[in-house]
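Asker: Chains as they are written, first to last, in the working numbering: chain F, 1 to 139; chain U, 1 to 139; chain W, 1 to 139.
Just so you know, the hints here were simulated from the structure itself, not pulled from any lab data.
By construction, the Cβ of each residue, glycine as well, lies at the ideal position given by its N, Cα and C atoms.
Check before you lean on any hint, since a few could be wrong.
As the list claims (entries may be wrong) - Pairwise CB distance ranges (calculated):
| # | chain 1 | residue 1 | chain 2 | residue 2 | range |
| --- | --- | --- | --- | --- | --- |
| 1 | F | R35 | W | P72 | 45 to 53 angstroms |
| 2 | F | P23 | U | E7 | 18 to 26 angstroms |
| 3 | F | R35 | W | P23 | 46 to 54 angstroms |
| 4 | U | D55 | W | E77 | 16 to 24 angstroms |
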Amino acid sequence: MKSFRRELTFDIPTRVGFRNITPEVATCVRDSGVREGLVLVNSMHITSSVFINDDERGLHHDYTQWLERLAPHAPIEHYRHNDTGEDNADSHLKRQIMGREVVVAITQGELDFGTWEQIFYGEFDGRRRKRVLVKVIGE
Amino acid sequence: MKSFRRELTFDIPTRVGFRNITPEVATCVRDSGVREGLVLVNSMHITSSVFINDDERGLHHDYTQWLERLAPHAPIEHYRHNDTGEDNADSHLKRQIMGREVVVAITQGELDFGTWEQIFYGEFDGRRRKRVLVKVIGE
Amino acid sequence: MKSFRRELTFDIPTRVGFRNITPEVATCVRDSGVREGLVLVNSMHITSSVFINDDERGLHHDYTQWLERLAPHAPIEHYRHNDTGEDNADSHLKRQIMGREVVVAITQGELDFGTWEQIFYGEFDGRRRKRVLVKVIGE
Chain F
1 MKSFRRELTF DIPTRVGFRN ITPEVATCVR DSGVREGLVL VNSMHITSSV FINDDERGLH
61 HDYTQWLERL APHAPIEHYR HNDTGEDNAD SHLKRQIMGR EVVVAITQGE LDFGTWEQIF
121 YGEFDGRRRK RVLVKVIGE
Chain U
1 MKSFRRELTF DIPTRVGFRN ITPEVATCVR DSGVREGLVL VNSMHITSSV FINDDERGLH
61 HDYTQWLERL APHAPIEHYR HNDTGEDNAD SHLKRQIMGR EVVVAITQGE LDFGTWEQIF
121 YGEFDGRRRK RVLVKVIGE
Chain W
1 MKSFRRELTF DIPTRVGFRN ITPEVATCVR DSGVREGLVL VNSMHITSSV FINDDERGLH
61 HDYTQWLERL APHAPIEHYR HNDTGEDNAD SHLKRQIMGR EVVVAITQGE LDFGTWEQIF
121 YGEFDGRRRK RVLVKVIGE
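If we strip away everything but chain F, and leave its shape as in the complex, we get (with noise of 0.2 angstroms):
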């Protein structure tokens, strides 16, 4: 069995934001060697998602906007995590309805993917350097 390890930084300049990381992934499994495993690409961060979708604009918009509505940031002083100091509570909460991570299928070398499928990053609490994983493991 095979396995490799990288980390991915980012710094996305707004508190949210999604980038399109499916070049940085698929570099990783050609860089490993696999030809038939498993990747798995997850956030580091507890405010952040990985998750796989769309790469529209729109969307991207539509995203932003339900997620403002379905968890808000403000007010900040409804929520007993920002009692702690942070005003981060509502990313917590966004995180969970986006993920934290997604595995996707190796096959002949390649990331195994429908039509439209692309990974994205997501981040709910930017203005920072964060990290993803990426790791796979096959043969």
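Based on these hints, arrange chains U and W on the given structure of chain F.
Answerer: Relative to chain F, chains U and W alone:
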């Protein structure tokens, strides 16, 4: 290490619907010959889900109503994604709540499940042919 | 390839509650002898979750309030699932938001985590014995 791949195809006749795909996944596990390992089951689309819950008709009705409340289909012009000519922005949102994929343990050649766990395909933009990927790795 | 399986059991004394299970999962990883691989941790039930977030009491209070707002327990007759004699339809909904499982990388024999990542069992229909499955594969 062994690996196995199969696509399942579905054509749900309604916009929203749920289908128990546990028998098909169990067949994949048996056909893979893997005794100890993991099986990844994921939608290959971005407006549908694979998830694990109860095979109970009333619950599926409740999921349908609840998802419509959290991410309403109409008014379709509420969503920027629908400016592209689509009307399925809400399907992309619903899919995030229900998830893209499940990873299930394989033990002694079988799906390693609790009493009530069943795997479902959840469709949020149906009336067309869709695919689910089953990937098994192990030994 | 090595594999390892263990069930963890819990009895949360309230209907809703969160428990940090990172120490138990870390013990499984050590006992497995796997140095490079993946660990799957999933609820074996359909009204509870395994998820990764912050070990902060205020946040768990916020999760409880937020989930109750998104998927209220009462009125129980609002849900068709409860026509079966159950009163836990909301628990099946809450579990979908928080997720069934996590997959975590194992690197150099340890859980490969970011600074604040901790694994939780999230109970939404407690006051009874429940099980979590830990499955490790790797080498």
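Asker: Taking the hints in turn, state whether each one holds.
Answerer: We went through each hint and held it up to the structure:
At about 49 angstroms, the beta-carbon gap between R35/F and P72/W stays in the expected band of 45 to 53 angstroms. In this structure the supplied range 18 to 26 angstroms holds for P23/F paired with E7/U, their Cβ-Cβ distance being about 25 angstroms. Roughly 36 angstroms separates the CB atoms of R35/F and P23/W, a value that falls outside the hinted 46 to 54 angstroms. Between D55/U and E77/W the beta carbon distance is about 22 angstroms. The supplied range of 16 to 24 angstroms therefore holds.
Checked against the numbered hints listed earlier, the structure breaks hint 3 alone; every other hint is satisfied.
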